[in-house]
Amino acid sequence: MDSTNRLRNMKTRLTWLQEKKLQNHLGGKQFSLLFKASVHGFCDENLHSRCFCQGPTLIVIYSSDHVFGLYIPQNDKNKATDSCLLFAFEETEILGCEIGPYNFTTIFFPIEREFKINLFRKEVKISLDTLKKLKLFQHQIISLEECEAFRCEDLLDTRKMNGVAELRENLLSAIRTYKPSRDLVNQIRILLLGPVGAGKSSFFNSVKSVFRGYVTHQAVVGSDRTGISKQYRTYSINDGKTVKPLPFILCDSVGLSEEEGLCLDDIPYILKGHVPDKYQFNFMKPITPDHESYINFLSLENRIHCVAFVFDANSIEQLSNEMVAKVKKARRKVIKCGVAPVVLLTCVDTMDLITRGDLINIYKCMPVKLKREEVHKKLGFALSDILVVSNYTSEWNLDPIKDVLNLSALRQMLWAADDFLEDLPLEKKQQSEKSISQKNWKKTNRWS
Amino acid sequence: MTRGLLPAVCCFEFQFPFSQTMKSRISAELSVSRMFQLAKPDGAACTPFKPDPAFKNGTMEMTTRLTWNEEKILQKLLGNVSLSLFYKSSVHKCSIENMLDMCNHQGSTITVIYLPNCIVGAFLFGHYPQMDKNCRNQNYSFYFSLNNTRTTEVFNVEAQIDSEKLAFYSSNEIIFSLIPHESKVFIHQSLKIELGIQHFTSSNYLECEVFRVEGINDDKGYIRRITGVVQYRNGLLAELRGYRPYADLVSEINILLLGPVGSGKSSFFNSVKSVFRGHLTRQAAVGSDVTSITEMYRIYSIKDGKDGKSPPFTLCDTMGLDEKEGVGLCMDDIPHILNGCVPDRYHFSPQQPITCDHPTFITSPSLKDRIHCVAYVLDINCINSLSSKMVAKFKQVQKIILSCGVPQVALLTKVKNYHEVLQEDFLNMNTSMTSQSQIKKIQKMLKIPIYNILMVENYALEWEQDPLKDILILSALRQMLRAADDYLEDLPQRRIRFFFR
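Protein sequence lines correspond, in order, to chains A and B.
FYI, this note's numbering numbers position 271 of the first sequence as 271, with every residue one higher than the one before it.
FYI, this note's numbering numbers position 279 of the second sequence as 727, with every residue one higher than the one before it.
These aren't lab readings, by the way, just hints derived from the structure by calculation.
All C-beta atoms, glycine included, are put in the ideal place defined by N, C-alpha and C.
Just to be clear, a hint being listed does not mean it is correct.
Derived pair list, reagent style DSS-like, types lysine-lysine, alpha-carbon separation capped at 30 Å [said to hold, decoys possible]: (1) A/328 to B/520; (2) B/862 to A/336; (3) B/520 to A/11; (4) B/640 to A/333; (5) B/889 to A/364; (6) B/640 to B/520.
Computed, partial: chain B to chain A, Cβ under 7 Å [as the list claims (entries may be wrong)]: (7) 727; (8) 795; (9) 797.
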């Protein structure tokens, strides 16, 4: 029982928010707990032996009413010293000042220092000068309840970046070589729906950039109400390497809006493939069969196989009741047409506390988890269908971390399209297979 | 190979990079040599030693040798855990004393050994043992090989540490031991065979790292489960892929899912499909706020892989049951469904059952078209609050099904404590779960034997591949197929009886 209790205690007391603030403050670190006084004993020697030669070290001290500590950059066999950061939490903000230079060993010498830990006596002594700088403590000697020590590693190191680069190549290859289910169509059509300014066009540009090899712009970006963004556009993307079309097409419509924007009655027509490229939407009047450019002949090739609702992650709270109702109606229309929608959350890298290093494990970040849950509750989408992407906005060159996020989401959409194709009634599949046979026959004929 | 063992997770797919491993090994060996040479100037104690930049990400720093992908694979193998490195032999001294200073009182650990051509490790439950050459500490341990993504079963080990050696005994024989100051590891031959590394003969390791394992439940049962769960899941999946209906009497088993709206019928189908595919799949019907979608009768078969053949079963989904009269599935539709007269995609009407005059009515269904098993689908959290009207409706439905002679199972969904459903060997359900009041109530209400009251946790809200969820889903499916086989086996006798009559 005692052993079990001790096992359970080998966990930091830092809250997620405190840990995140510290990580960001120290430049994107991650922490590995090495020492905990209540488990390993209130013993300086024990702290020293467990933490020596572990790389940069963070010591966190918990008193009855404060959390504070010391970041020590130098902790290896050489004798180099460096300035250390003495920090304290004031609510959730970090106050800090530099002390030193020290290394991990000298912090325990009994000589008078700005900051000294005595675990045996469970107290920390801070010099008067340092006390003034931190503006938080009243006394030079502070009783401590707990002391934890962590090794600090870069959230993004070469090892992880190598893994990301490899994953990116795997995803690129998987998407380049993707074939729709049973070759029923040559290209999957993915429709992007969402409020104006959510990042639909930016997502298209970001996807195209990955395959191009540098950041490129084709779809016009901006939340203005110009005539261009009222058009229906179908964008095929060529692979930058082979200059052949990729097996998907991204389709962009006018944004959803409380007032104008996309007419919901247009959705079934878009999904079934009646709406031609460059069709000019009218928010008051859906397309009709009488329209001169209405596509009468339907084929599996021309219809939408996957729908992605695009939302700016920072705008979910501000969605008006009218917009929420509109999105829900749109979702139902999509589902009635047999297509399972997914959600793309854009701009997560601009969310509070999120840094570039978080993108490699973005689904485990608390703010993103909460945001996805909010979308689930507010709009009704399944959590597993709420995907996170990171668009290129100001960059000139590609970032493999962003690419992995975007390509992973794209692959999910291709899988969703496969599910749609597999669920089609048999006669539609047979029709498509017949047309494939005819194509093959024509090829053979031409060749001979 | 790796994909088969560890299906892709939601957003990231990892492949085991053998070539990367080899490069990493060669590079690491060069780094070791260079470090050794450069150690001399430090001994001279002239200017402070500044590490060569080439060492920054090599063995000098407290960074694991695992590539990022290898780390992910290992985390998954151990049950979606986190790993915290705290001892590395090339950074800390290669001595038992120093290793113990770092390792004791850190909780459950894995010790990872980098041999020239493979990575092996030992999981030790609880705290590291104390040094005492006269004493052996009882503990639980299992071993893994990263090259083959494989674990052993849990061993009851006796751990013993003296000033030179750390050894794990099982049945009074050393199965795994380390001699740090010589960088030597011993692995018993039978253990090597079990890990698939019997052809690796080297006993000198390049590196030893010890990690704390975080995010596991601290109980022995859990440890046993994670060692066997992937193997069992893969075996079960292979069994179901190879399933053939009894005596090949039909080409497919048709399983009917019946239950109230929101009970998880469609989610169960999606979950089964996702298990076979190895990634999340979506059917438009899922999402109970769009109730009109499930007015259709759907016969779902499952494509196994992109263009693979389908396993010989289908899951049939109907309109939900409703406690009110004239709402939900019409009682008079049920016999037609069971007899196989209702075609795929038929639109139900609560007020008007299908009739033989309907243009798509199947007038002469064969045995293949019939329903061979019925699964009542209920949310386990709603059973104790079922209204008397809904109970009455279930009994009404059951009466019809019994008169048609179709076997029945109950499928309870949304089981949050799904870790506790099965015994450690996954072969049977735990009595602590089967003795719950919900199970008793279903048994009493529907007269279904407990072995056919099945519990699952669907992949409804979140896809993070969990082999234990897979096992529950596949086990439930297997029980349905067994019930259907019993039904088919019983048919010839009934035919004989009919013949004599």
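Right, here's what the structure says about each hint:
1. A/328 to B/520: violated, 37 Å
2. B/862 to A/336: This hinted pair holds, its Cα atoms lying about 26 Å apart.
3. B/520 to A/11: holds, 21 Å
4. B/640 to A/333: It is violated: about 58 Å lies between the C-alpha atoms, which goes past 30 Å.
5. B/889 to A/364: violated, 39 Å
6. B/640 to B/520: holds, 23 Å
7. 727: holds, 6 Å
8. 795: It is violated, given that the least Cβ distance between residue 795 of chain B and chain A is near 13 Å, above 7 Å.
9. 797: violated, 17 Å
Checked against the numbered hints listed earlier, the structure breaks hints 1, 4, 5, 8 and 9; every other hint is satisfied.
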